[in-house]
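Please model the entire structure based on the sequences and the hints provided.
Residue numbers (this note's numbering), protein chains in the order written: chain Y, 1 to 319; chain S, 320 to 596.
Among the hints, a few may not be true.
Some but not every residue of chain S turned toward chain Y, in silico, with C-beta under 7 Å [as the list claims (entries may be wrong)]:
hint	residue
1	Leu344
2	Pro372
3	Ile448
4	Glu492
5	Ala496
6	Leu505
7	His508
8	Asn512
9	Tyr537
10	Leu557
11	Leu558
12	Gly572
13	Val576
14	Ala583
Listed next, the stretches of chain S that the computed footprint assigns to chain Y, with coverage defined by at least 3 CB atoms under 8 Å from CB atoms of chain Y [to be verified]:
hint	region
15	424 to 436
16	529 to 536
Everything labelled a hint here was simulated from the structure, so no lab data went into it. A virtual CB, placed ideally from N, CA and C, is assigned to each residue, including glycine.
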Amino acid sequence: MIVFIARRLLAAIPLLLLVSLISYGLMGLAPGGPTAIFQAQARQLSPAARAEFIHALGLDKPWYVQYAYWLGNLIFHGNLGNSFVDHRPVVTKIVEKMPVTLEMLSLALLCTIAIAIPIGIYSAVRRGSAFDYAATVLAFASYGMPVFWLSVILIDAFAVNLRLFPTSGIASVGHERDPLDRLYHLVLPVVALTIVSLASWIRYQRAAMLNVLGELYLRTARSKGLSERAVILRHALRNALLPTITLLGLSLPGLFGGAYFVEFIFSIPGMGFLGINAVFQRDYPTVMALTMLTAVLVVLGNLLADVAYGLADPRIAYD
Amino acid sequence: MRGAWHRFARERQAVVGLTAVAFILGGVIFGPFLVPHSPIAIEHAVLGYPQPPSWLHWLGTDLLGRDVLARALVGGRVSISVGITAMLIAIFFGTFYGAISGMAGGVIDALMMRIVDALFSFPTFFLIITVEALLNRFALGIIVLILGLLSWMSVARLVRAEVLSLREREFIEAARALGVPPLRMLVRHLIPNALAPVIVTATFSIGDNILAEAGLSYLGLGVQPPMPSWGNMLQDALLPAVRSAPWLVVTPGLLIVITLVAFALIGEGLRAAVDVK
Numbered sequence: 001m002i003v004f005i006a007r008r009l010l011a012a013i014p015l016l017l018l019v020s021l022i023s024y025g026l027m028g029l030a031p032g033g034p035t036a037i038f039q040a041q042a043r044q045l046s047p048a049a050r051a052e053f054i055h056a057l058g059l060d061k062p063w064y065v066q067y068a069y070w071l072g073n074l075i076f077h078g079n080l081g082n083s084f085v086d087h088r089p090v091v092t093k094i095v096e097k098m099p100v101t102l103e104m105l106s107l108a109l110l111c112t113i114a115i116a117i118p119i120g121i122y123s124a125v126r127r128g129s130a131f132d133y134a135a136t137v138l139a140f141a142s143y144g145m146p147v148f149w150l151s152v153i154l155i156d157a158f159a160v161n162l163r164l165f166p167t168s169g170i171a172s173v174g175h176e177r178d179p180l181d182r183l184y185h186l187v188l189p190v191v192a193l194t195i196v197s198l199a200s201w202i203r204y205q206r207a208a209m210l211n212v213l214g215e216l217y218l219r220t221a222r223s224k225g226l227s228e229r230a231v232i233l234r235h236a237l238r239n240a241l242l243p244t245i246t247l248l249g250l251s252l253p254g255l256f257g258g259a260y261f262v263e264f265i266f267s268i269p270g271m272g273f274l275g276i277n278a279v280f281q282r283d284y285p286t287v288m289a290l291t292m293l294t295a296v297l298v299v300l301g302n303l304l305a306d307v308a309y310g311l312a313d314p315r316i317a318y319d
Numbered sequence: 320m321r322g323a324w325h326r327f328a329r330e331r332q333a334v335v336g337l338t339a340v341a342f343i344l345g346g347v348i349f350g351p352f353l354v355p356h357s358p359i360a361i362e363h364a365v366l367g368y369p370q371p372p373s374w375l376h377w378l379g380t381d382l383l384g385r386d387v388l389a390r391a392l393v394g395g396r397v398s399i400s401v402g403i404t405a406m407l408i409a410i411f412f413g414t415f416y417g418a419i420s421g422m423a424g425g426v427i428d429a430l431m432m433r434i435v436d437a438l439f440s441f442p443t444f445f446l447i448i449t450v451e452a453l454l455n456r457f458a459l460g461i462i463v464l465i466l467g468l469l470s471w472m473s474v475a476r477l478v479r480a481e482v483l484s485l486r487e488r489e490f491i492e493a494a495r496a497l498g499v500p501p502l503r504m505l506v507r508h509l510i511p512n513a514l515a516p517v518i519v520t521a522t523f524s525i526g527d528n529i530l531a532e533a534g535l536s537y538l539g540l541g542v543q544p545p546m547p548s549w550g551n552m553l554q555d556a557l558l559p560a561v562r563s564a565p566w567l568v569v570t571p572g573l574l575i576v577i578t579l580v581a582f583a584l585i586g587e588g589l590r591a592a593v594d595v596k
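Okay, here's the thing in structure tokens:
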């Protein structure tokens, strides 16, 4: 097992290098880079001072030279550079924002799992029933819904009209450390994220359960006289949960994608909010660091999914 | 193929989806000719005060006094064409990439698939925003190109897997023995036989692209006004200033949901029809 994990982590290194090269290349080749922004900002600077400034950030070199510097800095100093905008270390900026995003995403994931798995299981067991039909409709509606649209409707209904929840932010002024207040602010964002991620979990769990329901060992269980309830709960359920574990790792990129919008709309100062602003401000070091972080999370998520799958199912051997 | 069509027609949800898509396509293609309002003409009399639905404007008007129905229909043309064209680009590119990778095998295959893995571990939407924001140009063609070029990876994986299994089949071996050149092998023998799962993916990807365009438009990086799209109609409608005009929020949002669900229903039906077990 340890060998398996080590090999997967080793294989991830060229992958991450490739990710960094592609994103750096994309940014480097795109016209209108940060220098254009600085030109607008620094109109009062003399041309010489501006050239100095651009030179200090290394932006006068071709993109591959910049990339080499960036990579060297990361590998030999473990340093992801400083933000172009406020010149603080990118790592610090991200670490500050991370807890909020993780809090929001893990709550959303928990809610999604708690709601979608029972629905998926039950609609597979009662296949073709009114419940199954309703669950399918719910899953399709959740699949088709733009998350920002849903968020704004939720804000309109529950924050503006009913005044039940705050419209934005992560905490009330003066209550930044109050966990209940944070939770209260997170209700609407988490509801929005949960609703849009229900679709894949319900469909996936339903399909997994349907697969298991066709297995011969269930017929064995029935034929030895077990009640239908025991067959479903003790024999089918455990096996049907297995494939869903993999979805946990695979759903990470989608969750982060949703987080960008939700944080942007609810003005939650998390990584997504930071990311969108960094893109608009051409803050390359921040964009790069966030891209790399997400890529690492995706790799780890996939690995975690495989390992968890193996732990849960002894039939799978790592070789 | 005939058998697949019959199985498809037996899937009730697929037929519902197909009917809905036909209805939507008919609406956005012919609808604009029937609506007596322009989608971009600003009615100065009602500028600044969105009008609720009335006999004159069936779905009301927006903040600039433009007819919402006319905009929704023309916007649908734009959104759906973006969805379909970007899908075609992704399918075309992904199919060739996957087929070449599968056919080449060895080091080339491994290298090509690592690139796919790398692109898969990007936060795709973040990447799209980055490219869009950096290009700073929002011509329709560029948006379509970006959406297409960043969504071909799953197609490539599917086609490669199909090609790998096809390579071992007798008819491919026979073709190889006959000395069929590689390009002809690819186009005439491998790709046509690997297309079934691609068509299923294609159906879903139209919806995904429509959703992505809407997201880009929400951030101001999508189809630019005055050309309407469901995405930028939502952007207009979600401005705090028009929060009291639910018809602006509901129309494009519901259209997106209905269209996506319709395409997804077709996709599910196709998957059931193609997947013979």
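Okay, the hints, checked on the actual structure:
1. Leu344: 17 Å, violated
2. Pro372: Violated, about 18 Å.
3. Ile448: Nearest chain Y Cβ about 5 Å off; hint holds.
4. Glu492: Violated. Min distance 30 Å.
5. Ala496: Constraint on Ala496(S) not satisfied, violated at 35 Å.
6. Leu505: Violated, because the Cβ-Cβ distance from Leu505(S) to chain Y comes to roughly 25 Å (cut-off 7 Å).
7. His508: It is violated, given that the least Cβ distance between His508(S) and chain Y is near 31 Å, above 7 Å.
8. Asn512: Constraint on Asn512(S) not satisfied, violated at 26 Å.
9. Tyr537: 5 Å, holds
10. Leu557: At about 5 Å, which falls below the 7 Å cut-off, the nearest Cβ of chain Y leaves the hint on Leu557(S) intact, so it holds.
11. Leu558: 10 Å, violated
12. Gly572: 4 Å, holds
13. Val576: Since the shortest Cβ distance to chain Y is 4 Å, the answer is holds.
14. Ala583: Cβ of Ala583(S) sits 6 Å from chain Y, so the hint holds.
15. 424 to 436: Result for this restraint: holds, n = 3.
16. 529 to 536: holds (count 3)
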